[in-house]
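Visitor: Taken in sequence, the protein lines are chains A and B. Residue numbers for the first sequence, in this note's numbering: 1 to 229. Residue numbers for the second sequence, in this note's numbering: 1 to 243.
Careful, some of the hints might be misleading.
Claimed, not checked - Covered stretches of chain A, as calculated for chain B (at least 3 residues, CB under 8 Å):
(1) 58-66
(2) 203-212
As the list claims (entries may be wrong) - FRET-style restraints, in silico, Cβ to Cβ:
(3) T207(A) x V224(B): 25 to 35 Å
(4) P145(A) x V224(B): 25 to 35 Å
(5) G64(B) x G123(A): 45 to 55 Å
(6) P145(A) x K149(B): 43 to 53 Å
(7) V224(B) x V161(A): 11 to 21 Å
(8) A97(B) x S154(A): 42 to 52 Å
(9) T207(A) x A225(B): 35 to 45 Å
(10) A221(A) x L222(B): 32 to 42 Å
(11) L34(B) x V15(A): 31 to 41 Å
(12) H219(A) x D9(B): 25 to 35 Å
To be verified - Only pairs whose alpha carbons sit at most 25 Å apart, straight line, appear in this in silico SDA-like list of lysine to any residue:
(13) K232(B) x G59(A)
(14) K232(B) x L42(B)
(15) K218(A) x A133(B)
(16) K232(B) x L16(A)
(17) K19(A) x V72(B)
Hints are computed from structural coordinates only; laboratory data are not their basis. We put the beta carbon where it would ideally sit given N, CA and C, even for glycine.
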Amino acid sequence: MFLQGYLPSILEGAVLTLKLAGAALAVSVALGLIGAMFKMAPSRPLRLLAELYSTVVRGVPDLVWMFLLFFGVQMLLNDLCAAMAWPAPDIDPFVAGVLTLGFIFGAYMTETFRGAIMAVPKGQMEAGYAYGMGPLRVFFRITFPQMVRFALPSFSNNWLVLVKSTALVSVIGLNDVMYRADAAKSTTQEPFNVYMVVAGLFLAITTVSNLLLRALEKHYATGLKESEL
Amino acid sequence: MIDLHLIADKLPAFFGASDGQPVMSTSDGLLMTLQLLALALLFGLALSIPLALGRVSKNRLVAGPVWLFTYVFRGTPLLVQLFIIYYGLSQFDAVRASWAWQYLQQAYFCAVLAFTLNTAAYTTEIIAGQIRATHWGEIEAARAMGMNKWLMMRRIVIPSALRRALPAYSNEVIMMMQSTAVAGLVTLADITGVARRIYSDTYMAFEPFLIAGALYLALTFLFVALFRSAEKRWLSYLAPRKS
Chain A
1 MFLQGYLPSI
11 LEGAVLTLKL
21 AGAALAVSVA
31 LGLIGAMFKM
41 APSRPLRLLA
51 ELYSTVVRGV
61 PDLVWMFLLF
71 FGVQMLLNDL
81 CAAMAWPAPD
91 IDPFVAGVLT
101 LGFIFGAYMT
111 ETFRGAIMAV
121 PKGQMEAGYA
131 YGMGPLRVFF
141 RITFPQMVRF
151 ALPSFSNNWL
161 VLVKSTALVS
171 VIGLNDVMYR
181 ADAAKSTTQE
191 PFNVYMVVAG
201 LFLAITTVSN
211 LLLRALEKHY
221 ATGLKESEL
Chain B
1 MIDLHLIADK
11 LPAFFGASDG
21 QPVMSTSDGL
31 LMTLQLLALA
41 LLFGLALSIP
51 LALGRVSKNR
61 LVAGPVWLFT
71 YVFRGTPLLV
81 QLFIIYYGLS
91 QFDAVRASWA
101 WQYLQQAYFC
111 AVLAFTLNTA
121 AYTTEIIAGQ
131 IRATHWGEIE
141 AARAMGMNKW
151 LMMRRIVIPS
161 ALRRALPAYS
171 NEVIMMMQST
181 AVAGLVTLAD
191 ITGVARRIYS
201 DTYMAFEPFL
211 IAGALYLALT
221 FLFVALFRSA
231 EKRWLSYLAP
241 RKS
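Here chain B stands alone, though its shape is the one from the complex (with noise of 0.2 Å):
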């Protein structure tokens, strides 16, 4: 039922190796869904604690526009936004003529781009969820040393604020790994695109997308115990005390 020589043919071009087929890049497979992972990521957390500021902000002007970006990121499937920027930004000429066109035209440019924007609606929240719950005792403690609000805000609300939110970042991150499915759709070789280019090739199905399947579970399970670690290491001080 199942080719396990199949399997075994097929395993290393998950991990960039040839198959035979002309490889697109080394970076195929495992490697590629890292990669737009870990970009992602960055810039997603880099845009989110700014935007988190924003978004609790008592201006309406600042936090209305963070506000409205969230809601229609969280609101709509990935997949869409992803179409939105890789086959929509072509209708405009304006945008084809561009400098930017160089960059809109790959699909591993706008996968980074969805992506990115995708995880930094999801991380805002959290952030900003979190920065509401800091302590009141915590800020009248800054305010009596003398701090203004940026310095109270760089030193004490975020670090804290950063740290409780692990558990939900923990959660977005393995959602957004989860997520980066939806590149195989737009060309890309990630695990997912890997799995579909041996679909088509050998019309076998189940053999491609169990390695692909047992991937992402493997790297789930790796996630979950990093995440663990990471929140021993910064969350000792909530966790419940031993008896």
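Just chain A, same shape as in the assembly (with noise of 0.2 Å):
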């Protein structure tokens, strides 16, 4: 039997591995929104908060960043706990895969953003603002679907990185693929056959990726083609 009947619980964990990298990237979605705001902000606190926060994140590797926020994190939540006499809290590994994930990709985001909304012209804006919208309605309605355009390319590249960064988290102890890929290695001794399998996995879901950006893309840049002409 192929991987001795070790095929579906790799799978298993790729599904896992999918919607931890999903759920990050709704998280750094955010995280790269706000980023991206806070630098192009009028005061000069948020727009330093939000250097620091893409550069430094930015300047460090993802295991790094993991090892730090994961032990770290739960070492100074326990520390705290037992001073305060409560009982230490249990961390879930898929919410603080998604919270690391997310929080290392939000500053990759946040400069993806930034680039995309100084790209849209100014006029756009200030005609919403014109219209009596607040600025809220005027990011939504105006910013939002035309920035869209010039921050696929890089956010298509962020994506395909996030999804290959969460091949580290199983340093972490989540059940995702590399954790299952590991079980069944030393079970099975096949560790080539088994590591294959996990490229074949990740090399799917790249190429939907690509495929499915590639269509938004296309679908983005609609408006664009006419004027090209």
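Given two chains presented individually in distinct reference frames, assemble the corresponding complex, making use of the accompanying hints.
Guide: Listed below in structure tokens is the structure:
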């Protein structure tokens, strides 16, 4: 039997990996939008904060962040709870993985969205304000739909890097595809087959993502083609 | 909260000094990271120039396999590639019996091999993109001078493409530098490996990984500065005109 019946387990792990990547993407998009707004905010402390976030996070490897946040924050929480005489909290590895990856990729998304927002002509937003829209409404009705086109190439790249980074999350004990592959490797004594299957799964995820994102890019570029002709 | 004594105590371990534990070698820590990076970049760049020429070739039998190589290596995580080479290849008796086994059983060799292939895949695409973007005037001029295809490639296309690849390549170098952190997961004592060893010795997580993070951050700034001056040297003709 192929992989001695470990294939379903690895596939389950891949589903968890995909869920993790999707949830982390949502967190990183939210953080990225906030970061981009802070970077362009009139307030200097907010700009500095966003600058610090995007520089420091992007300057340190994902793996080191995972160790630092997962083990460090857990220890901090334990110390805190011990000092307060509370029972020690049990951090769910999935939530920890989502938050850690989301925090890291939020920094990359900050840069993506900042560039994209700056690429939208200012007159568009001014027209929105002239119609009496509030800042939030201007953002969601005018800025956001137009910035997507500029953000997509870099966004796609970030997503692909994020998917590949999820492979590292098994170090914090999540039951993901790498964790299950490790178990399968030890039992089956077929490490090559196991990791080739894992590589194939990742390749499938990146291939499908590429196709979807290319379709999305085409969709958001529809208005552009006419003007280019 | 953060134990400064522990930081002062363990800092030398990141620079190859003994931290009271038996050291594997004096190249532990920073030096190991730089070694892995330098070897991977050197071999990776050497591989990627011929591969980039293959990638832009009109012959599908040449361009196809190169496309497949870059597609597979860019579409899968580096950690999986490293595990396939380090753990995976031992599955085959033929590999274990061959002369290559003396190298393939070393984590160091496997890490350099995986990093080399990975960076070669990304760099190939970067250089191939720039070769395709070569201005047609340069090629016409080379033909008008009577150069044949290879002379034109060697004297005109490749030098020009390599210069223009510099900004994208600087990103790749910094990404690769950060990616070498996974070497710490296959027993190697690079910056991350040393931090992990201190963590498992002391059960203190913040201090070792803060040092590791600070070292990587410093390296990132160093590379950004180096590439900025390299761009000034080799790409100044493309810089925006000063008013």
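Visitor: Hint by hint, where does the structure go against what was stated? Just the numbers, ascending.
Guide: 12 and 16
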